[in-house]
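Numbering-wise (the working numbering), the sequence shown opens with residue 1 and increments by one.
Any given hint could turn out to be false.
[Unchecked claim] The calculated DMTMM-like cross-link candidates involving lysine to aspartate or glutamate, where the alpha carbons are at most 20 Å apart (straight line), are: (1) Lys34 / Glu58; (2) Lys84 / Asp17; (3) Lys73 / Asp17.
Please keep in mind that the hints were generated in silico from the structure rather than gathered at the bench.
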Amino acid sequence: GGPGGAVINPIRPGQPDCSFFMKTGTCKFGETCKFNHPPPSLRGPNGRPQPVVMGLGEPPVRPGEPDCTFFIKTGSCKFGATCKFNHPRQPR
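With the sequences and hints as input, model every part of the structure.
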């Protein structure tokens with residue numbers, strides 16, 4: 001057997017968060033999962049990601065790209081200008 005049996009979930013900035021991991025704190029795919037698994041320091045008290053300013057600048061508007069789900073839900077994006085997803089601007 002392996003040491004301790006701890007599963008290492010990959011941290012992949014710029015990739016969408018693993019929805020199962022964000023809900024449960026575990027991921028059955030472990031190192032092979034293609035999604036992001038934010039460390040506890042980047043998650044809030046309820047396990048959800050905290051808006052952390054990692055990328056500089058405003059999140060980009062990228063017509064034709066999928067919407068950034070984190071931005072849609074919270075109105076902020078921790079990746080800022082480096083995020084590859086669309087951040088639609090709401091008319092004020």
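So, going through the hints one by one against the coordinates:
1. Lys34 / Glu58: violated, 26 Å
2. Lys84 / Asp17: Distance of about 13 Å is within 20 Å: holds.
3. Lys73 / Asp17: holds, 13 Å
Violated hint for the displayed structure: number 1, the only one.
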